[in-house]
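There are 4 protein chains.
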Amino acid sequence: MQKPKVGIINVSGYVGMEIARLLHRHPGVELSSITGRSAVGQGLGQLLPHLGDIDLVIQPELGDVDLVFSALPHKSSAEAVVAALERGMKVVDVSADFRLRDAQEYQRWYEFSHPRPELLEMAVYGLTELNRPLIAPARLVANPGCYPTGALLALAPVVKGGLIEPHIVIDAKSGVSGAGRTLSLATHFAEANENVSPYALEGHRHLPEIVQGLSQLNPELSFSVTFVPHLVPMSRGILTSCYAQPREGKIAMGEGGKGELLELYREFYRGEPFIRVVDVPPQTKQAWGTNLCLIYPTIDLRAGRLIIISCIDNLVKGGAGQAVQNMNIMLGFDEGMALKGAAVYP
Amino acid sequence: MQKPKVGIINVSGYVGMEIARLLHRHPGVELSSITGRSAVGQGLGQLLPHLGDIDLVIQPELGDVDLVFSALPHKSSAEAVVAALERGMKVVDVSADFRLRDAQEYQRWYEFSHPRPELLEMAVYGLTELNRPLIAPARLVANPGCYPTGALLALAPVVKGGLIEPHIVIDAKSGVSGAGRTLSLATHFAEANENVSPYALEGHRHLPEIVQGLSQLNPELSFSVTFVPHLVPMSRGILTSCYAQPREGKIAMGEGGKGELLELYREFYRGEPFIRVVDVPPQTKQAWGTNLCLIYPTIDLRAGRLIIISCIDNLVKGGAGQAVQNMNIMLGFDEGMALKGAAVYP
Amino acid sequence: MQKPKVGIINVSGYVGMEIARLLHRHPGVELSSITGRSAVGQGLGQLLPHLGDIDLVIQPELGDVDLVFSALPHKSSAEAVVAALERGMKVVDVSADFRLRDAQEYQRWYEFSHPRPELLEMAVYGLTELNRPLIAPARLVANPGCYPTGALLALAPVVKGGLIEPHIVIDAKSGVSGAGRTLSLATHFAEANENVSPYALEGHRHLPEIVQGLSQLNPELSFSVTFVPHLVPMSRGILTSCYAQPREGKIAMGEGGKGELLELYREFYRGEPFIRVVDVPPQTKQAWGTNLCLIYPTIDLRAGRLIIISCIDNLVKGGAGQAVQNMNIMLGFDEGMALKGAAVYP
Amino acid sequence: MQKPKVGIINVSGYVGMEIARLLHRHPGVELSSITGRSAVGQGLGQLLPHLGDIDLVIQPELGDVDLVFSALPHKSSAEAVVAALERGMKVVDVSADFRLRDAQEYQRWYEFSHPRPELLEMAVYGLTELNRPLIAPARLVANPGCYPTGALLALAPVVKGGLIEPHIVIDAKSGVSGAGRTLSLATHFAEANENVSPYALEGHRHLPEIVQGLSQLNPELSFSVTFVPHLVPMSRGILTSCYAQPREGKIAMGEGGKGELLELYREFYRGEPFIRVVDVPPQTKQAWGTNLCLIYPTIDLRAGRLIIISCIDNLVKGGAGQAVQNMNIMLGFDEGMALKGAAVYP
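Chains as they are written, first to last, in my numbering: chain A, 281 to 626; chain B, 281 to 626; chain C, 281 to 626; chain D, 281 to 626.
Heads up, a few of these hints could be off.
The list treats identical chains as interchangeable, and a pair is accepted whether it falls inside one copy or across any two copies.
Derived DSS-like pairs: lysine-lysine, alpha-carbon spacing no greater than 25 Å straight-line [claimed, not checked]:
1) LYS620 with LYS283
2) LYS530 with LYS285
3) LYS370 with LYS538
4) LYS285 with LYS620
5) LYS538 with LYS283
6) LYS620 with LYS370
7) LYS355 with LYS538
8) LYS530 with LYS355
9) LYS440 with LYS283
10) LYS440 with LYS620
11) LYS538 with LYS440
12) LYS355 with LYS620
13) LYS355 with LYS440
Since the hints were derived computationally from the structure, they do not count as laboratory data.
Just need the whole structure built from these sequences, with the hints factored in.
In structure tokens:
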């Protein structure tokens with residue numbers, strides 16, 4: 281039996297190259313076509329020496345594949361996705377172009393008119409653990425952003441259960457690869473090294489995605505979310521610290537309540553291959569290079585406030601890994617294929 | 281005229297050695313005596329090659345000085361401070377031993393009985409900008425902790441003015457030197473590198489110091505503070521992100537309100553040589569190696585929440601620099617002596 | 281058919297834990313017993329959260345296994361190895377205790393009397409690419425040091441071919457994990473970060489191992505090797521820069537000579553799964569997390585000198601990976617089992 | 281008496297901004313004019329927040345000053361220097377444009393025709409410790425490159441004394457700021473972090489500068505130098521490891537010889553304010569933020585080879601600091617003015 285063919289549009293960015301790395305060790309599919317915004321005609325190993333084992337040339341146009349990952353920047357991706365759908369391919373789009381349901385949000389946050397708003401409804405938001413049943417039959421999966429992945433997985437159990445007030449502070453710390461491979465002063469080594477910098481305090485593009493995700497989990501609540509991302513001097517990883525008020529009477533404010541909260545999280549994510557609810561604060565390094573999301577829920581008993589911490593590798597569970605996880609479901613493979621293995625530590 | 285003599289008890293930790301570096305370039309005092317918990321008899325340059333220009337030997341006992349910095353760990357410091365006071369010296373204690381007014385807090389947070397609770401009242405909390413008038417005549421200054429320095433300077437204007445609700449989230453990101461020079465797995469290079477880790481979620485020892493400081497600023501409010509520190513892979517720097525609710529009607533929720541808030545901060549800190557209220561989000565690197573505290577107050581208009589960010593160098597304004605700033609006041613020097621100069625950037 | 285059982289003595293160091301990570305994804309063996317110098321009775325995931333998927337408890341004594349890795353420090357390892365051999369197990373020793381053929385070298389370099397010098401002859405030096413035929417039948421494989429692995433693989437083709445003078449400079453740059461997990465000031469984050477430091481200029485313990493390896497490759501030459509290791513602020517990776525004089529008339533000093541040199545290396549390592557001879561200077565990051573050794577041989581035409589650069593991950597090809605590679609050969613598996621996959625980049 | 285006015289052409293690069301930082305604390309001169317290749321009209325503190333205390337606006341053209349630093353890239357700098365000389369200013373050029381005596385070398389190494397070859401003879405090579413007498417009367421000082429500074433200071437005593445053979449290997453490890461502030465993939469954080477990379481193996485532009493410097497120290501020798509620079513993941517610092525053969529009978533090959541060598545270095549650099557000959561291997565961090573060059577000469581007794589290690593801060597002694605040191609001499613100030621102070625450590 282022939283393996284399904286898959287392709288990657290724009291393999292040269294960090295998420296694109298990470299998808300290639302994961303697919304190369306995937307026993308069930310054949311990575312058969314890659315394109316790039318530059319470097320057309322080069323072998324992949326010339327452009328990206330660490331992928332020297334993958335014998336493919338960067339093409340100007342995508343070949344015929346069964347499923348394609350689009351790793352283009354937003355706006356460009358929408359066009360490529362539409363073209364791929366028209367060629368009958370399944371698509372996992374790792375850009376933001378099909379994540380938001382409301383076309384006007386693209387105008388507001390991304391400053392472009394969405395070219396095909398009617399597709400927004402058809403697209404499935406690929407936060408695997410929360411939307412699994414919809415992913416299997418999907419033709420188009422919108423792979424979540426890195427920050428929303430960390431934040432929504434951290435908050436889902438208490439939001440869905442209606443256990444917290446909808447006023448939430450999300451303080452996220454991200455490795456610099458999250459800013460992509462495009463050059464900028466903020467990601468210039470000597471500037472980012474030995475530095476922590478907050479950014480996008482006027483509103484980060486991942487905020488509407490987070491709010492949309494929370495609202496889907498609990499449509500009755502009207503969320504008021506403050507989200508502040510910070511760059512920290514490491515290559516990979518996001519640690520998300522969430523602060524929320526418990527709703528009156530919903531969580532016992534004592535050691536017992538802490539235990540119940542932990543148990544609630546364990547129950548919510550029982551059987552999930554890539555969620556690990558932990559009972560000590562996690563560190564980003566423990567998820568480094570893996571598709572895991574580590575979650576630690578606890579209570580600040582003095583202040584009567586919930587603290588929920590999650591850790592992911594922004595390029596794996598926050599990008600390429602979740603994309604492959606979704607592909608596995610769409611193509612009928614074991615969900616964890618090519619995604620297993622412990623963190624490369626230290 | 282003879283220069284006052286100063287000494288350092290326990291020069292071998294990070295704050296102790298940083299005080300030595302600053303005093304060496306101080307034109308008004310003579311660093312004449314240093315002690316260490318180890319390395320007695322060694323030249324300072326043998327122990328700490330970067331201080332090779334300072335021609336002093338580490339002694340077992342402190343010589344006669346006019347003012348001494350105690351850089352011992354808590355509990356040991358209290359004893360050394362008492363002995364120095366009895367010898368008639370002025371003291372700046374960089375440990376926690378005289379920061380809290382309530383002796384029982386030492387039992388609760390530091391697990392020891394304070395040996396001289398009656399001195400707690402006499403000690404002046406050395407957050408210079410907030411307590412300047414008390415520092416000049418003080419015999420004993422309790423130098424603030426690094427986290428409280430960043431948090432209190434960030435929050436003082438709105439707390440003192442009664443502009444926010446007393447429910448505050450403080451999410452701090454610190455360089456690893458904040459954990460001191462004592463070896464531990466958490467500060468082992470390969471563990472701390474390429475990692476972000478939250479810690480002390482059960483309650484960090486700097487929490488009561490923060491709450492005490494806030495309460496002194498506004499005794500009418502009953503504070504409920506969640507404080508979560510995180511280690512980030514850099515040597516120096518603390519970025520503190522504070523989240524608070526404005527009190528009804530106190531701050532306009534609009535672009536105008538942002539401007540007013542900024543102006544309020546500028547007014548509060550007008551003339552302060554080491555506070556810089558900035559109108560774009562600051563980065564820790566901009567304070568690297570300096571005694572500055574950069575503060576950026578803003579409003580998340582969507583969520584109706586205040587965000588106040590501060591940056592300090594944890595070893596300078598958060599330790600040795602503030603200690604020297606206090607010494608300058610205690611000895612009648614210009615407050616900024618030996619403390620000027622821009623950040624070493626990048 | 282039952283899988284062979286394998287064990288790890290002292291799983292808690294960096295090489296030990298990395299062997300566990302690799303074995304966990306190995307389809308052909310069962311990791312059934314682990315011991316530690318501390319933490320006996322703890323689950324592996326308690327001690328090392330990133331290995332939380334491995335359901336094993338740290339035991340005081342090694343269980344019955346077919347093959348064991350000893351990851352103890354030198355001297356202790358020798359004793360454990362002897363005990364394991366006596367129990368009929370095959371052994372891969374990642375310590376230095378069986379790498380040197382001459383027992384007196386242990387007195388000189390490691391300051392202990394080797395307990396079983398007669399075993400030194402029986403031990404096979406496990407630099408896989410150079411000693412493959414001896415490894416399959418070996419009962420005891422002495423896994424090479426990290427620096428010797430990088431240096432010998434870089435130099436083997438020209439040394440074996442007699443193309444260079446035996447006066448060689450080896451300048452190596454290592455990530456900090458190479459110093460192990462034992463705490464020290466040199467590996468304390470704030471000291472090692474933003475720093476490069478040379479060490480062991482009086483003679484590093486890997487020097488006799490390098491010289492022995494070179495002499496085995498070409499017994500006719502009398503080697504005079506200067507080896508200077510440097511710590512650089514990263515977790516993993518060794519870049520080894522080798523400088524040597526070509527022997528008169530052996531290598532053409534021109535662009536043609538460069539091409540011939542590259543071809544000679546390609547020929548020497550043809551078919552090797554883990555050696556990649558490259559035609560542009562490699563970087564440690566390209567081998568990060570992999571068992572690869574990247575080698576770049578070139579000529580400084582102005583000075584008439586050979587420059588050969590190699591890159592490895594010190595914990596994989598320079599430690600755990602090569603140990604598993606050797607195990608694969610000893611147990612009859614495909615040599616690359618559990619060791620494939622591209623570098624985790626960036 | 282009025283202070284001399286000084287200016288900086290192109291303040292926005294790393295060396296330019298570092299000169300500004302140093303001049304701001306210089307009591308003897310007035311920094312009165314700055315230009316930039318971009319950001320004309322902005323306040324310096326807008327462009328570079330860490331220099332917010334300097335109240336100057338970036339101008340399109342240089343004002344009237346007594347001495348100017350040109351921090352432009354090569355080729356552009358030559359033109360600016362010529363213009364400044366014609367306006368009667370003294371000039372310190374931190375570009376490479378007047379470092380080499382032979383105009384043809386510019387064609388060969390920098391790929392441009394030198395516009396004013398006749399000025400090359402007039403320019404003084406500003407390696408302060410080696411050329412001090414020429415600097416005081418100079419109108420144009422060519423400030424040395426960062427690598428040549430580290431290499432020449434390390435080698436000068438043994439080269440001048442004719443103690444080594446002229447076949448030298450120089451293996452240098454530099455922080456990433458050495459590559460400047462211009463964006464590139466090699467200096468993109470996620471690429472440079474957790475990585476060591478050698479570069480310019482075909483010949484780095486600093487090689488002819490090093491060879492010229494060595495030849496001036498000892499015109500009788502015909503140097504054959506292999507120079508390989510490596511990028512390491514830190515912001516600042518260069519560690520240079522030099523390897524050389526002692527000339528027959530010149531240095532005793534024993535512990536005594538080591539002591540004599542150390543003594544020879546101490547004698548050579550006696551009284552130098554910024555050279556510190558040390559008796560244990562130095563680390564870049566010990567020079568961080570200072571104008572110091574730490575030098576450690578030793579002998580590998582086994583191989584009969586000299587090893588000489590130097591450490592500098594590439595942006596201070598390897599750039600801005602040495603430029604200010606030269607200015608101090610040219611304007612008749614104490615050589616160390618604005619340059620004193622210990623390393624900011626850790």
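Going down the list of hints, with the structure as the test:
no.: 1; hint: LYS620 with LYS283; result: both (20 Å within a copy, 21 Å between copies)
no.: 2; hint: LYS530 with LYS285; result: neither (49 Å within a copy, 50 Å between copies)
no.: 3; hint: LYS370 with LYS538; result: neither (43 Å within a copy, 47 Å between copies)
no.: 4; hint: LYS285 with LYS620; result: both (21 Å within a copy, 22 Å between copies)
no.: 5; hint: LYS538 with LYS283; result: neither (48 Å within a copy, 42 Å between copies)
no.: 6; hint: LYS620 with LYS370; result: within (24 Å within a copy, 29 Å between copies)
no.: 7; hint: LYS355 with LYS538; result: neither (44 Å within a copy, 32 Å between copies)
no.: 8; hint: LYS530 with LYS355; result: neither (43 Å within a copy, 41 Å between copies)
no.: 9; hint: LYS440 with LYS283; result: neither (39 Å within a copy, 45 Å between copies)
no.: 10; hint: LYS440 with LYS620; result: neither (28 Å within a copy, 41 Å between copies)
no.: 11; hint: LYS538 with LYS440; result: within (18 Å within a copy, 34 Å between copies)
no.: 12; hint: LYS355 with LYS620; result: neither (32 Å within a copy, 36 Å between copies)
no.: 13; hint: LYS355 with LYS440; result: neither (32 Å within a copy, 47 Å between copies)
In this structure, the hints that do not hold are numbers 2, 3, 5, 7, 8, 9, 10, 12 and 13, in rising order.
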